[in-house]
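> Listed below are the residues making up each chain.
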Amino acid sequence: MIGRVPLARRALFQDRRRAALAAGGVAAALLLVLMLQGVFDGAMHQVTAYLRANPADVIVSQRDVRTMHMSASALDPATVKNVAAVDGVAWAEGIRYTTTFLVGADGNQQLSYVIGYDTTTGRGGPQHLTAGRAPRGDEIDIEQVAADRLGLHVGDTVSVFGDRFRVSGLFRGGTSVVNSIAFITTDDFAARRGPAIAYILVGAKPGVSAGELQHRLAGALPDLTVQTRSQFTSEEATLVRDMSADLMRIMSIVGLLIALAVIGLTLFTLTLSKLREHAIVKALGGRTRRLAAVVLAQAAWSVGVAVVTATVLAVALGAIVERVNPAITIVIEPGSVERIALAALVIGAIGAVIPLRRVVAVDPASAFRRAS
Amino acid sequence: MTNLSVHDLTKTYGEGNLAVAAVRHVDLDIDPGEVVLIMGPSGSGKTTLLLMLGAMLRPTSGTINVDGVELATAAERSLPPLRAEHFGFVFQDFNLLSALSALENVELACNLAGIHGHAARQRATELLTRLGLGERLRFRPDQLSGGEKQRVAVARALANNATIILADEPTANLDSAHGRDIARLLRQLATDDGRSVIIVSHDDRLREIADRILWLEDGTFRELAAMVTDPVCGMSVETTSTYRHDIDERSWWFCSPHCRDEFIANTAAFVPTRIAPIVSTKEDAHGEDPVRRHTRH
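Note that the protein sequences, when read in sequence, are chains A and B.
Each residue of the first sequence is one higher than the last, beginning at 1 in the working numbering.
Each residue of the second sequence is one higher than the last, beginning at 1 in the working numbering.
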């Protein structure tokens with residue numbers, strides 16, 4: 001439409017209040033969907049924080065166990081040596097793992113993954129320490145947000161497995177609304193939960209890709225589940241996503257239906273109010289397809305403005321919410337924005353159907369009737 | 001060579017016993033540079049005729065030839081480009097697009113005629129400047145006076161360099177000064193540019209600029225020899241009208257008993273200022289008997 005009078009835009013924004021209400025209404029509906037998606041993406045971000053920061057290229061677990069969340073994996077400690085012996089393995093590190101409650105001095109509880117790791121290598125331990133140091137005997141490192149929630153600081157004590165642990169360090173990343181993560185030494189873990197290890201973190205030698213290493217390990221150890229770290233992370237995210245998929249779907253449908261109603265109503269009222277002008281354009285020689293393009297362009301403009309507005313608001317709101325409640329992480333992924341924009345374009349097109357039918361049916365001769 | 005030639009044009013709405021003939025067997029040839037004024041009472045078929053001439057309504061029978069193109073049988077999809085290329089429209093209500101500036105309204109018509117970008121903007125600017133609106137290019141319709149709006153509408157009608165201008169009551173919503181202004185403008189478009197101008201109107205002021213006046217009634221053109229003006233409402237009426245009043249051997253005809261009664265009750269208010277000219281006894285400004293001119297179709 002280069003070099004043409006921007007009829008669609010001019011007509012849409014002629015009444016700025018109506019345009020603002022329309023874009024605002026659609027933006028509010030999209031914001032609802034985007035924020036909901038952002039909350040879940042944020043939760044996902046925290047759930048997978050440990051895995052994403054992990055140095056392993058490949059993770060080995062008990063047969064058919066593919067996640068940490070809602071799973072229990074138990075391996076013989078000797079398996080670590082078997083893994084380390086496979087060609088292409090630079091290092092292999094067993095970690096111990098369970099889910100339990102951290103109990104603060106005042107009785108407050110925080111559900112948490114507790115991981116026992118070898119503090120001498122540091123592999124599988126906490127990243128991004130914000131205070132203190134790695135744990136030693138009867139010590140624990142806990143996540144900053146969880147510590148704040150439990151009112152704990154470095155030097156305080158917290159009850160885990162029914163025993164008292166001194167808080168030796170704090171780190172950031174891994175606490176969601178419902179869950180957190182904490183680290184103790186692998187010996188402390190074994191002393192309280194037995195010698196079995198849960199997962200084996202594996203590093204590849206230089207020149208060996210994660211996929212190649214996975215292939216070699218799976219061939220050498222057929223009774224175990226071998227996944228690259230990205231596969232493991234993806235499985236973890238999928239499990240959490242599946243648990244909330246129905247709620248997400250319902251809320252998204254509700255939000256998009258509201259957006260559809262607003263777009264449809266806006267375009268319909270706009271088209272009705274401009275029917276005479278559409279007739280004039282037809283009388284002057286405008287083809288129906290040009291007028292159809294006007295309506296579709298108005299739908300696209302409404303959606304475009306709404307998507308941009310909703311995205312900006314979502315990012316701003318996310319920052320505010322995180323500041324008010326650090327346990328809630330809202331992540332607005334570009335992919336989410338793309339999906340919402342695509343869905344909004346589809347509903348914009350659907351919302352334009354009835355106005356399009358009206359425009360197609362406009363009789364150019366009606367331009368000669370007296371305006372009422 | 002004619003710009004527009006109509007032969008045996010008929011439009012019938014409905015079928016069977018419900019059929020109503022809005023236009024019946026009309027013949028009309030219009031030359032370049034000619035201004036034709038079509039008058040007639042409401043419901044006489046003026047608008048139907050105008051819509052058919054403007055390629056917006058299919059005739060039931062007959063032919064309409066515009067610049068060598070036959071409209072009556074043209075494919076439906078070819079009608080919009082025909083309108084965009086051959087006709088300029090001027091409406092009673094101006095019909096400018098309210099969201100667009102004066103410049104954009106004219107530019108849009110250029111776009112529809114296939115002129116885009118800088119060329120369209122330049123042409124629109126030139127036309128508006130020619131019509132005295134060079135200082136109003138960025139004004140929206142609600143910021144213009146009635147006369148200015150109609151000038152923009154005329155500029156828009158010229159955007160595609162049309163050979164035929166169809167004007168529907170172009171002065172109806174204008175005061176007398178602006179009405180005369182637009183009338184002169186339409187005359188000028190015919191005289192200077194050689195365009196054919198067809199005006200449908202009730203406005204007697206437009207008689208002054210017309211080369212031909214046609215009276216349409218009951219869907220057919222009638223003789224204008226015996227047309228006079230109702231001194232009360234200004235409508236043209238026939239001397240066969242039953243609503244008549246005589247004063248001192250002079251006769252007055254009216255469109256309705258209401259006008260006649262009002263005239264009788266307050267004759268002094270109408271006689272000195274609004275003497276109804278009996279057409280058949282008056283020579284027009286061209287020195288030609290209007291009766292002969294009006295029936296030259």
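Simulated from the structure, these hints should not be mistaken for laboratory data.
On a predicted model such as this, the values are computed, not experimentally measured, just so you know.
For each residue, glycine too, the CB sits at the ideal point set by N, CA and C.
Be a bit skeptical, because a hint or two may be false.
As the list claims (entries may be wrong) - Short derived list, chain B residues pointing at chain A, Cβ under 10 Å: (1) Leu-57; (2) Ala-75; (3) Glu-85; (4) Gly-88; (5) Asp-93; (6) Asn-105; (7) His-116; (8) Asp-168; (9) Thr-239; (10) Tyr-243; (11) Asp-246; (12) Ile-247.
> Evaluate each hint against the coordinates.
Hints and how they fare:
1. Annotation: interface hint on Leu-57 (chain B) holds; nearest CB of chain A at approximately 6 Å, less than 10 Å.
2. Because the beta carbon of Ala-75 (chain B) sits about 13 Å from the nearest beta carbon in chain A, more than 10 Å, this interface hint is broken.
3. Hint on Glu-85 (chain B) holds. Least Cβ distance to chain A is approximately 7 Å, under the 10 Å limit.
4. Contact between Gly-88 (chain B) and chain A, as hinted, is supported at the beta carbon level, the nearest pair being about 9 Å apart and thus within 10 Å.
5. Interface restraint check: Asp-93 (chain B) against chain A, minimum CB-CB distance 4 Å, threshold 10 Å, status holds.
6. Satisfaction of the interface hint for Asn-105 (chain B) is found here, the shortest Cβ-Cβ separation to chain A being roughly 8 Å, below the 10 Å cut-off.
7. With its C-beta approaching chain A no nearer than about 4 Å, His-116 (chain B) sits inside the 10 Å limit, and its interface hint holds.
8. Given the 10 Å rule on beta carbons, the hint for Asp-168 (chain B) holds: about 6 Å separates it from the nearest Cβ of chain A.
9. Hint on Thr-239 (chain B) is violated. Least Cβ distance to chain A is approximately 30 Å, over the 10 Å limit.
10. Taking 10 Å as the C-beta contact cut-off toward chain A, the hint placing Tyr-243 (chain B) at the interface is violated, the least distance being around 27 Å.
11. A hinted interface residue such as Asp-246 (chain B) counts as satisfied when its beta carbon comes closer than 10 Å to some beta carbon of chain A; here the least separation is about 37 Å, so the hint is violated.
12. Hint on Ile-247 (chain B) is violated. Least Cβ distance to chain A is approximately 37 Å, over the 10 Å limit.
This entry does not satisfy hints 2, 9, 10, 11, 12, going by the numbered hints stated previously.
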